[in-house]
Amino acid sequence: MENEELIAQVQTRFPEASIVLGNDFPEVSIDSKQLLPVLQTLKTEPSLAFNFLFCETCVDWKTHFTMVYHLESTTHRHNLVIKANLDRVQPEIETACHLYRAAELHEREIFDLFGIIFTNHPHLRRILLTDDWVGYPLRKDYDDPINMIKL
Amino acid sequence: MISLENISASIHQLLSANLSQTAVILIEMSIIALLAITLFALLGLILVFMERKVSAWIQIRLGPNRVGPKGIFQTTADTIKLALKEGFVPDGADKFLYKLAPFVVMIIAMMLLAPIAFAKNFAMWDLNIGVFFITAISSVSVIGILMAGWASNNQYSLLGAMRSGAQIISYEISAGMAILTIIVLTGSLQISEIVNSQSNGWWLFKGHIPAVIAFVIYIIAVTAETNRAPFDMAEAESELTGGFHTEYSGMRFALFFLAEYINIFIVCAVGATLFLGGWMPFHIGAWEGFNHIMDFIPSSVWFLGKTFFLIFVIMWFRWTFPRLRIDQLLNLEWKYLLPISLFNLLFMTLIAIKGWHF
Amino acid sequence: MFEQVSANNNGELVINVGPQHPATHGVLHLLITLHGETVTKLEPNLGYIHRSIEKMCESLSYRQFIYTTSRMDYLSSHINNHACALGVEKAMQIEIPERAEYIRVLMSELTRLASHQLWWGAMAMDLGALSPFFYAFREREVINDIMEETCGARLTMNYFVPGGVMYDIHPNFVKRVKDFIVLFKSKIAEYDELVTGNVIFQNRMKNIGIISKEDAISYGCTGPTARGSGVSCDVRKNYPYSIYKNVQFDEVLEYGCDAFSRYQVRIKEMYQSVRIIEQLIDQIPEGEFQAKTKAVIKLPKGEFYTRVETARGELGVYIVSEGGTTPYRIKFRSPGFSNLSALEHMVKGHKIGDLVAIMGVLDLVIPDIDR
Amino acid sequence: MITFLKQYFTDIYEAIVSLLKGMKLTGYYFTHHKEIITQEYPENRATLNLPERFRGEVVMPHDENNEHACTGCSACELACPNGTIKILNKFEVNAEGKKKKAIDTFVYHLELCTMCNLCIVACPTDAIKMAQTFEHSVFDRSLLTKKLNQPNSKLREGIE
Numbered sequence: 001m002e003n004e005e006l007i008a009q010v011q012t013r014f015p016e017a018s019i020v021l022g023n024d025f026p027e028v029s030i031d032s033k034q035l036l037p038v039l040q041t042l043k044t045e046p047s048l049a050f051n052f053l054f055c056e057t058c059v060d061w062k063t064h065f066t067m068v069y070h071l072e073s074t075t076h077r078h079n080l081v082i083k084a085n086l087d088r089v090q091p092e093i094e095t096a097c098h099l100y101r102a103a104e105l106h107e108r109e110i111f112d113l114f115g116i117i118f119t120n121h122p123h124l125r126r127i128l129l130t131d132d133w134v135g136y137p138l139r140k141d142y143d144d145p146i147n148m149i150k151l
Numbered sequence: 001m002i003s004l005e006n007i008s009a010s011i012h013q014l015l016s017a018n019l020s021q022t023a024v025i026l027i028e029m030s031i032i033a034l035l036a037i038t039l040f041a042l043l044g045l046i047l048v049f050m051e052r053k054v055s056a057w058i059q060i061r062l063g064p065n066r067v068g069p070k071g072i073f074q075t076t077a078d079t080i081k082l083a084l085k086e087g088f089v090p091d092g093a094d095k096f097l098y099k100l101a102p103f104v105v106m107i108i109a110m111m112l113l114a115p116i117a118f119a120k121n122f123a124m125w126d127l128n129i130g131v132f133f134i135t136a137i138s139s140v141s142v143i144g145i146l147m148a149g150w151a152s153n154n155q156y157s158l159l160g161a162m163r164s165g166a167q168i169i170s171y172e173i174s175a176g177m178a179i180l181t182i183i184v185l186t187g188s189l190q191i192s193e194i195v196n197s198q199s200n201g202w203w204l205f206k207g208h209i210p211a212v213i214a215f216v217i218y219i220i221a222v223t224a225e226t227n228r229a230p231f232d233m234a235e236a237e238s239e240l241t242g243g244f245h246t247e248y249s250g251m252r253f254a255l256f257f258l259a260e261y262i263n264i265f266i267v268c269a270v271g272a273t274l275f276l277g278g279w280m281p282f283h284i285g286a287w288e289g290f291n292h293i294m295d296f297i298p299s300s301v302w303f304l305g306k307t308f309f310l311i312f313v314i315m316w317f318r319w320t321f322p323r324l325r326i327d328q329l330l331n332l333e334w335k336y337l338l339p340i341s342l343f344n345l346l347f348m349t350l351i352a353i354k355g356w357h358f
Numbered sequence: 001m002f003e004q005v006s007a008n009n010n011g012e013l014v015i016n017v018g019p020q021h022p023a024t025h026g027v028l029h030l031l032i033t034l035h036g037e038t039v040t041k042l043e044p045n046l047g048y049i050h051r052s053i054e055k056m057c058e059s060l061s062y063r064q065f066i067y068t069t070s071r072m073d074y075l076s077s078h079i080n081n082h083a084c085a086l087g088v089e090k091a092m093q094i095e096i097p098e099r100a101e102y103i104r105v106l107m108s109e110l111t112r113l114a115s116h117q118l119w120w121g122a123m124a125m126d127l128g129a130l131s132p133f134f135y136a137f138r139e140r141e142v143i144n145d146i147m148e149e150t151c152g153a154r155l156t157m158n159y160f161v162p163g164g165v166m167y168d169i170h171p172n173f174v175k176r177v178k179d180f181i182v183l184f185k186s187k188i189a190e191y192d193e194l195v196t197g198n199v200i201f202q203n204r205m206k207n208i209g210i211i212s213k214e215d216a217i218s219y220g221c222t223g224p225t226a227r228g229s230g231v232s233c234d235v236r237k238n239y240p241y242s243i244y245k246n247v248q249f250d251e252v253l254e255y256g257c258d259a260f261s262r263y264q265v266r267i268k269e270m271y272q273s274v275r276i277i278e279q280l281i282d283q284i285p286e287g288e289f290q291a292k293t294k295a296v297i298k299l300p301k302g303e304f305y306t307r308v309e310t311a312r313g314e315l316g317v318y319i320v321s322e323g324g325t326t327p328y329r330i331k332f333r334s335p336g337f338s339n340l341s342a343l344e345h346m347v348k349g350h351k352i353g354d355l356v357a358i359m360g361v362l363d364l365v366i367p368d369i370d371r
Numbered sequence: 001m002i003t004f005l006k007q008y009f010t011d012i013y014e015a016i017v018s019l020l021k022g023m024k025l026t027g028y029y030f031t032h033h034k035e036i037i038t039q040e041y042p043e044n045r046a047t048l049n050l051p052e053r054f055r056g057e058v059v060m061p062h063d064e065n066n067e068h069a070c071t072g073c074s075a076c077e078l079a080c081p082n083g084t085i086k087i088l089n090k091f092e093v094n095a096e097g098k099k100k101k102a103i104d105t106f107v108y109h110l111e112l113c114t115m116c117n118l119c120i121v122a123c124p125t126d127a128i129k130m131a132q133t134f135e136h137s138v139f140d141r142s143l144l145t146k147k148l149n150q151p152n153s154k155l156r157e158g159i160e
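Protein chains in written order, with our numbering: chain A, 1 to 151; chain B, 1 to 358; chain C, 1 to 371; chain D, 1 to 160.
Please keep in mind that the hints were generated in silico from the structure rather than gathered at the bench.
Below, simulated DSBU-like cross-link-like pairs (lysine-lysine); rule was C-alpha separation at most 35 angstroms, straight line: (1) C:K55 with A:K140; (2) D:K21 with C:K178; (3) D:K21 with B:K335; (4) C:K298 with D:K90; (5) C:K351 with B:K95; (6) C:K294 with A:K62; (7) D:K21 with C:K351; (8) C:K175 with D:K24; (9) D:K6 with B:K206; (10) D:K86 with C:K298; (11) D:K129 with D:K101; (12) C:K187 with D:K24; (13) D:K101 with C:K292.
With the hints as constraints, model all of the structure from the sequences given.
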């Protein structure tokens, strides 16, 4: 499906979402509480069939976090980016790992490095850093005077 | 002609001329003990060096070449290193069993040397159940391995030891069957008689196809029995890091290592005795000239040559094949080797009764 | 972190595989639960070689950050660099000279060959056959020598820069690559004789580590891991970058879903890489090897996602730019990380020996997973 | 039963053939020592030939008049991703009595260097290049911090 057609179709399904065509993929911004229903529809709807979550990450915009989900359909070969803004004080979002098993490790990594709480995640623990690590390194306000080398 | 037989006989004469019988036996025993220990150390050094060179050449490498000319003192240096290393006992290990295990394995390997005929009329103890003695004693070595695995207080060691137990016990059967196939022909368990029965040709050639099958099965089974790759389930360094000797270090590890090589030597020596005529030279029918030249080569050289050839074959296996999985290993034994060797034994008995062999 | 447990209540044995273990090829830690010899539970514990490359990149310029990616998946460092360079070029909207494109693709395919060869040797070593490792290194060494002559390094090249490549290819390059292809074709038959056709190897590899097509997609598997289950996921085919749309090659797909299929995908991919190299090696056009770029690269504001096919699967580079000289946020979607998540699914119910075989065929590179 | 037995023996036959194939190959290498590819490293030092692009360490070539081409512009220092290079500048008074910037010390931390070659590419006057040395091991870490410009060296004439 071409991007314009895809955007039109997604827009009709989720009227409240704002969709723009980014540099690479169409980007859909949704409310963080809507994530699971949106993903569910995107995955199960045969004309969309986004069955492959190839990247999941987070960006710290200092005022808020943005969760970014990169989706692909292996049958139709189209891509979509889902974005959801999170509150910076208490970042919480539903886990996607029951729909996409790939999300399980990715979400643990995001929890580890950004401190975002994924509700209903089967075992949300630190994955890369040690369990007793203080702070979330990929946040912009993270400071480690010992380990960080400033050039 | 100087031969090992003459040397031992003349020493015996010299001693019995001057001393009482008890003293002679005592002195001879200590000489034998000394020789056995020397042989042990020498075999360890030679076989480890041989293994390293064989592996290197197969793997298009040069192999050890730094210590001494062509690297021949490499294993000596390794032994010194191992002797100097700390003998580490892990916390929570059963200290008594942990320290005992390498010696159990070692002593069993040493006992196995007793009935082997190294040359014509040159064996420590040519007892009348020689082959049976070897099969019986060699199965005890699994106790040493189980001991080591259990006492180490390490899961890897335990798994390795358990695997080893299952493996040795099952492969013992087909190794025994293969040996029995030849015993049927010789009618004796005494090593010297087995060798003598091959004076007109080796059993491998005289015994038709069943002997060849028995030989192949014997080689496969003893490779498994000595925990060598592709059957090194007990060690399986990419799965269990080191298997039953994961926790061992220093001289205790060296003993395990040495015992492994001595065991290989012994099973290959038995294989050479049973199938390839022991110290008997290679003769071809009525070629008098050729046979005469073959006779000129000392019997000890014949024996060691055959044994080392078999050792090389086993090393060749190790550096070529991937490892089997534990269930496939047992499948191979119970579904392939055992039924084949049973039928093979049946055929061989038929041949022996009918006198079809040469 | 993990308390000393030897057996749980079900009489199952809990074993730490790694961080120092011969089969993990690095510092991967797996906590496995064994019922007898059968793995019932597997939990990866990562981070032993985590260097926070993503955080480091936030303070490096767009020229500088490329070198860090060589240190992620060090076996496909050229391809990693390719992804970053492509991302920066896409954002800057510059065209790179055709010669540079040819060199890049040639180098990428040589890297893929070298990586698959090392995998082949290491995998055979995991299964207990130690000699193939050396045979594989013999050919790989030739590639490394070619790389060294042109790029100046053997492993972490940092040869691709935004706008092209760092230097022109060495005058000997074309001849040596051709020689290598002749050598490689004469030696690849040995691989089949020694390992692929071996009955022990086949029995070890077949019907283990089964992952269905749906599961492979759901777990985010890419590369040979997914293609062994029949998932078409070759970025070079589906989203052609550089000059891959102009070269003839097949996407290797196997439908066995087991470890042996994945093995065959990788072996066949080597032939495809050789095919690509053969097509391009005589066609390298004359011209510049680098486009003119400003000394200081500034990217426009926006988000740029680039995907390339490394030897292990799909590498994604997600650059978030605020318009400055350094990236605001970089995410590397590494293939090993997702492939690892499928490991438990593949291993469950198999023997501990199979765990080693499955991991060997997954071809995990730990710095790629930990970043 | 017959088909089972047939299958059983074909399996055995095929297995043995495949194993013998592998043994033939390893046996070939065992007997053909000319295939050996490893080298004896310290002995072959004299014949060891490294390609001219090999990146071993950063050096600053000086000519016979003890002159180099480094103007002290710090382009390399800025290009370096991990702070390997530190340039300390001084001001020299030249023949016409004008103050001129020149390098005092070109500090190079070999222990931090990743041989990425970015400094060489960045240098506008080609004052530094990569040397083909690779035996960098020393017992004292401080020996790895090097001063690249030689004592009393000067900037070559005509380089700005």
